[in-house]
Every structure is written in structure tokens, then in C-alpha cells.
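Chains as they are written, first to last, in our numbering: chain A, 1 to 523; chain B, 1 to 227.
Calculated from the structure, these hints are not laboratory results. Built from N, CA and C at the ideal position, the CB exists for glycine as well. The reader is advised that the hints may include incorrect statements.
[Said to hold, decoys possible] Going by beta-carbon spacing under 10 Å, a handful of chain A positions derived as facing chain B: (1) THR11; (2) ASP515; (3) ILE517; (4) ARG521.
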Amino acid sequence: MSAVRFSDFATMAGRSLTQNRTRSLLTLLGVFLGAFLLVISLSVGKGITESVERTLSFGGKLKRIQVYPDYSIDPDQVPEEDMEIEGDVAPERRERLRKQLAESWRAKNNYRPGTPLSESLLQTIERWERVESVTPDIQISSRGVHRDKSMWGMLYGQPAAEPILSELIVAGNAFDRDDARTILVHEFLAYEWGYRSDEELQQLPGQTIELRFGGDLAGGIAGMVAYHRGGDVEFTPEEERQLAESLERLAELVDTLPIPEAQREVLKKTFAPAPDESPPAGESFSETYTVAGVFRSPSEAELITLREQWQLAHTQFILPLATARALAQRLPEHRDRGYQQVMVLARDESDVAALAERLRGEGVGVHSMTEFIEQVRKHVTVITSVMATLAAVALLVAALGISNVMAMSVLERTREIGIMKAVGAEESQIQRLFLIEGGLLGLLGGAAGVFCGWLASFPGNAVARWVLDQRGFQEKLEGSLFSYPLWVVLGVPAFAAAITMLAAWLPSRRAARIDPIEALRQG
Amino acid sequence: MDARPLVSIVDVTKIYGAGHSEVAALRGVSLDVRAGEKVALLGKSGSGKSTLMNLVGGLDRPTTGSIGVAGADLAQMSRSELAAYRRDRVGFVFQAFNLVATRTAVENVELPLIFAGVSPRRRRDQATRALEAVGLIERVDHRPSELSGGEQQRVAIARALINTPSLLLADEPTGNLDSDTSGQILDLLRTHLAAHGTTVLLVTHDEDLATRFADRIVRMQDGVLVP
Numbered sequence: 001m002s003a004v005r006f007s008d009f010a011t012m013a014g015r016s017l018t019q020n021r022t023r024s025l026l027t028l029l030g031v032f033l034g035a036f037l038l039v040i041s042l043s044v045g046k047g048i049t050e051s052v053e054r055t056l057s058f059g060g061k062l063k064r065i066q067v068y069p070d071y072s073i074d075p076d077q078v079p080e081e082d083m084e085i086e087g088d089v090a091p092e093r094r095e096r097l098r099k100q101l102a103e104s105w106r107a108k109n110n111y112r113p114g115t116p117l118s119e120s121l122l123q124t125i126e127r128w129e130r131v132e133s134v135t136p137d138i139q140i141s142s143r144g145v146h147r148d149k150s151m152w153g154m155l156y157g158q159p160a161a162e163p164i165l166s167e168l169i170v171a172g173n174a175f176d177r178d179d180a181r182t183i184l185v186h187e188f189l190a191y192e193w194g195y196r197s198d199e200e201l202q203q204l205p206g207q208t209i210e211l212r213f214g215g216d217l218a219g220g221i222a223g224m225v226a227y228h229r230g231g232d233v234e235f236t237p238e239e240e241r242q243l244a245e246s247l248e249r250l251a252e253l254v255d256t257l258p259i260p261e262a263q264r265e266v267l268k269k270t271f272a273p274a275p276d277e278s279p280p281a282g283e284s285f286s287e288t289y290t291v292a293g294v295f296r297s298p299s300e301a302e303l304i305t306l307r308e309q310w311q312l313a314h315t316q317f318i319l320p321l322a323t324a325r326a327l328a329q330r331l332p333e334h335r336d337r338g339y340q341q342v343m344v345l346a347r348d349e350s351d352v353a354a355l356a357e358r359l360r361g362e363g364v365g366v367h368s369m370t371e372f373i374e375q376v377r378k379h380v381t382v383i384t385s386v387m388a389t390l391a392a393v394a395l396l397v398a399a400l401g402i403s404n405v406m407a408m409s410v411l412e413r414t415r416e417i418g419i420m421k422a423v424g425a426e427e428s429q430i431q432r433l434f435l436i437e438g439g440l441l442g443l444l445g446g447a448a449g450v451f452c453g454w455l456a457s458f459p460g461n462a463v464a465r466w467v468l469d470q471r472g473f474q475e476k477l478e479g480s481l482f483s484y485p486l487w488v489v490l491g492v493p494a495f496a497a498a499i500t501m502l503a504a505w506l507p508s509r510r511a512a513r514i515d516p517i518e519a520l521r522q523g
Numbered sequence: 001m002d003a004r005p006l007v008s009i010v011d012v013t014k015i016y017g018a019g020h021s022e023v024a025a026l027r028g029v030s031l032d033v034r035a036g037e038k039v040a041l042l043g044k045s046g047s048g049k050s051t052l053m054n055l056v057g058g059l060d061r062p063t064t065g066s067i068g069v070a071g072a073d074l075a076q077m078s079r080s081e082l083a084a085y086r087r088d089r090v091g092f093v094f095q096a097f098n099l100v101a102t103r104t105a106v107e108n109v110e111l112p113l114i115f116a117g118v119s120p121r122r123r124r125d126q127a128t129r130a131l132e133a134v135g136l137i138e139r140v141d142h143r144p145s146e147l148s149g150g151e152q153q154r155v156a157i158a159r160a161l162i163n164t165p166s167l168l169l170a171d172e173p174t175g176n177l178d179s180d181t182s183g184q185i186l187d188l189l190r191t192h193l194a195a196h197g198t199t200v201l202l203v204t205h206d207e208d209l210a211t212r213f214a215d216r217i218v219r220m221q222d223g224v225l226v227p
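Chain A on its own, in the form it takes in the complex (with noise of 0.2 Å):
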């Protein structure tokens, strides 16, 4: 076959659709409604993901991994005679109710299968490769004695450079190491402790605090009390001493009470003194901190973007990470189970798969916001290929046009078809002619559609945003909820141009076999 220049093909496919504009052009119609559909679809889908994962890697939020024990039980482990389902019950409840026994038979015996979040798994977790940093959610109860007062906290161990701190703090400074041993103190505390007028504020960072932890009892209540009465009731050391001293007693002189047995039994229960065998759990100890600064509780707004760190919004006492990390290995349910939830973060977001297969490995539960986003990524796909379907099903409905187009233009152009064979078109050449003018149909649609498809995406965007506004989402996507990759402003039109190419198939084959003597007689 001679060799007919490819733009002579596209000229003269060009030139028979411009001889009938109206038709082409409602060909073209169809064609360009359906690439239309297929780019809004594909680009709203793509958008989607990229705007969820540009929201959720906001601040590094996607490298983190949370890690917490694992207390899921297997029920062949529980005793079988407490697992007994009595009764006829069907296989699948049987299953579920063993589930829950199992449960409840963990929850009573306080079993905590797996491994627990310990002080040298986490030195173990640190020294693995692509991990950034371990934080452990430190939470510990505890009483701050501080000008003679006693108040109850909760104390808080934060990483120095967690930038939250710094636009907490309204008086004094944040830390400026994981290992100092100075504290941050909740404004509230600090009113209560007599540091009332703003100036007065700004005297306590500098002074020390002594914090008690453990087991005594009394402290516990004094502290809790003042707390709870916003400072109204007040205990001094001496005071504390006596109520312990009292409440020891008040265990004794409970049989002499004239209360119902039930009730006796429950005050035993909470003023027997520790057994002598128990301790280390039942000692006390204290610690003495400097304070560093002030701080205050995050507001509303704040709490959204902290989402992982709303303890903050809880806490009366924030220690530098590495002091309270040493201080919870002195305290036995911190020692001996462990923390109740880490947050190991990875290098890079590419790390955190491999990192949270691996600490699956050790035996704890994982979760993190790259496997969250991998569901969302999912759920956006199947909705994305149903849209991308029945836009390809309205682009192949355009086709089946074109293809009946196609064939009324071959029947008109007969007599044009057996002179441009007389002359010595080859019967390739022909067929090749009309599949280049069904592909030049699908090009020109789809490109308008990719087009019009992204000027569309400018009051879509605007459109959603309101949705998505009235609706309450208070978190901001980041960036267009439309994406337009260059597979889909290239693979769009060419899509288009492979089915109205498919489309023109027939009708050029017909083409090519017209009989030049029969075409030429026609007019």
C-alpha cells in the first residue's frame, strides 16, 4: 500500500465533516456529553482522594501510627465451663454470645491477652529503622502540694516541641527539653493556689511544686475534693494527715455501725488499709518541679485540629515527655501493663504500611490515618466506577449514533467513494479514511468535554463547598475537590476516539468494499 500522509487522512476527514455541520455537530453532541460526564466523574473522584489525603497530611498527621494493646480475646483461651451457652440457640448466636462471654469472662478476671505497650517495647519500637519518634499518652493521677494546698490533677506528658504548647501557655514559657524537670500548670490550679490577677500569674513560673503519687488514699480524697469544689474546701497537710489517720480508724468502727450489712461491706471494702503484701502498689512517693509556665485549656476550635491530643482539654499538670516517661516506670500500673495507647510516628507517609504490618507483628493493635485514607480510597473508587460506567455506557450510546451517522454518510458518499477508487484508492485507504473521521468525532468531543469538564469544576467546587457547609462539616478540604491528572486529559479524548473509532468500523468496512462499477453508475 502506497503511503497516504496521515494529516491528508485527517484533512479529508476533516473537510467531510464540516460539509455537514448540523449533523456533525449533533454527532459531536452526544460524544461530548458523554466524555463530559466521564471527566467530571474521574476528576471528582481523583479530587476527592487528593483533597482528604492534602486534609488528613496536614501537619503530618498521616505519618502517625496509633498504637494501643491489643485486649481482643480468642475464646478457646477462656475456661469451658464458662463459656456454656444454655439452651437451644442457633449456630451464629451461639457464636456471638461466646464472643461476649469471653469478653466479660476477660473484663472479670482484668486478662489482658497480648502485649502490653511497655517502657522497653517502646525503646525496642525507637530503635527501628524509618521510626521518627514514640510518644506514649501518659496519664497520670496525681496531687500537687503547692503553698500549703492540696490539689488533684491530672498530669500530662508532652513531647517540648509539640508547637500546641507554646500557644497554650499565658504565662512563663513552655519546655525547652523532653528531660527537664519543670512542669506546666493548668490556670485554674493556679487561681485556686492564690495566683489570682494576671500579675500576680506571672509570679508562679519559677516556683516549685511537689507532685504525690501513689496509693494514699486520704490524699486522693482531699485532693479530689478541693478540686471538685472549685477551691471552696481546702485541706493542709496536717488536715490530710488526720484524715488518713481517721480513715484507718473508720475501718474498724464500721462493724459498730448501725447500717445495713450491704452497706457495712462496701465501706470495709473502701477503707480497708492495704494489705502489707501489696506494696509497691500502696506507696507513695513525691517529686518536686519546677514550674515553667502557665497554661490554659484549648479552645473549641483548637480541639478540632488537635483531634488526637483532646486530653489536653483534661489536664491540670503537662510534664516534659522523657520525665514523665521515667516517672510512670516508678508507678506499678504504668510499670507492670504498660501505656494505654502510643504514637509512633514514621519517617515519611510511605513508611507507615510497612511500619504498622510490623508492629502488628509484636502483638499490638494498630491504626493509622494512611489506612483510613486507603478506605476512603476505596469507597471513592466504587463510586467513581459506577459514575466512569454509565458515563462510558452514555459515551458508547453517542457511538451507536455515529455509527448510524456514519453509515447514511457512506450511503451519500458512494459515488464519491468509487471515484476515489477508480482513481486507485486502495480498499485500506478507504476504510481508513472513515475510521479517522468516526476518531477525529470522539477526539474533538472528548477534548470539549475534558474542557468544559474542567470550566465546570469552577461552580462545582463553589457548589460543594456550600454543601458541604450546610451540612456541618467542619473541617475544611484542603484544596479543589476536582483533580485533573493527565491520564484523564489525555486518556479521555483518546477513550472517546477508540469507541466512535469502534463505532465507525461497520460503516468503513462498508465503504471499502463498495463496488466502483455500481458507484459509479449511481448519479
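Once you have looked at the hints, place chain B on chain A.
Below, chain B alone, put in the same frame as chain A:
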């Protein structure tokens, strides 16, 4: 004049249809045409003269027999080879002109060159010169509907000769023209054919035209040549 036969038709039959609806358009035709010879196929409508011309032009294949043109047997050629043969060796002039209505004069003339893969610039040059040679340089960008019958046929002649074919097949080329115009067209053909030594097969029912134009007249009747 070269004495070797350019076209050698041997015992050609052409049967259309099958069974009861079978029609024999040609029933054993043998004919030699020498290179440079101008032969007129004279016959009434339905005599088979156009069928024979279509076979020689490679637009169709004989049912039996062979048609040799410059040593190659058309009956043995593939469809694609036949197309190349029509493009490179043959020029057609039809009674109905058969110009593409949507193309201008020059675009019609350059049509064969498109399928030969000639560059746009070269074929435009060639086509323009061909139109100049048939006296239509003023009408280059006119569409067929804007041209008279004689002008249209001149465009068709320019197109038929653009590839300098060795064989020109003309089917009633003056059938749609008045006698004055017919004369001009015949003069034009004669001049150009003489310049290139082109062989011509003229199909007509017009005895006068055949006599005026051809070196030799071959008469056809009911699908056979008659002496």
C-alpha cells in the same frame, strides 16, 4: 508507433449473477491493443463495451480468460495490486465526468496523487500545471457546480492524465456535451495523447465520433466482437 501489444485480451467472458438470473455480458472476447494506438469500441447500449472497458481498467475481474497489460495479468492481481494499477497505469474519463462535488477543480485533479502519497506542495503544483494544460488556469478554485459541462470534462481529463498513465480509458467522453464542445474536448485529448504517446480505448455508440478519433474501430454486439 510501437508494435508490441500493450493490452492483450484473451478469450474473456464476464457473467453476472448465477443460476437462472445469469447474464453473460461478455462471451469470449479477444483483442490486442498496441502501445500508442487509439482504439474505439463501438457498440449499442448493452453490447458489453463498457464491461470490457471496466475489466481493462481493473475495476472488475473477468469470469474467465486473461487480460494482460504491459505483461502483467490483471486476473491474477490482488485487490490492492489492482488499485495500484488503476492509480499508476490507467486514467479514466467518464461520460458523467465523475468529479467530487465538494472538491475544487484543482483538488479533484490532485486526488490520484493523494493516494500515491505525493506531498501536498508537489501535487498542488502538478495539478495546477495539468489544469493550465487543459486551459482552465482561471478556474482552479471553482467547484464542479460552478463549471460548464465542457470545463468539467476538461478537469476530468486533467485528472486522468495527472499520473501520465500508459492507458487512457474514455467511456462516452462527449456524451453529455454539445457538438462544439465535443470537438474541443476531442482536440484537447488528441493533442495531449500525441505528446505522451498514450494508448486510448474509447467506448462509444457514436460512429461519427469513433471515426473522427480512433486509429482503429472495433465493433461489439451481444458480448462478442463483430468483424
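Results of checking the hints against the structure:
1. At about 9 Å, the closest approach between the beta carbon of THR11(A) and any beta carbon in chain B falls short of 10 Å, and the interface hint on this residue holds.
2. Annotation: ASP515(A) was flagged as interfacial toward chain B, and the flag holds, the nearest CB pair being 8 Å apart, inside 10 Å.
3. Annotation: ILE517(A) was flagged as interfacial toward chain B, and the flag holds, the nearest CB pair being 5 Å apart, inside 10 Å.
4. A least Cβ separation of about 9 Å between ARG521(A) and chain B falls short of the 10 Å threshold, and the interface hint therefore holds.
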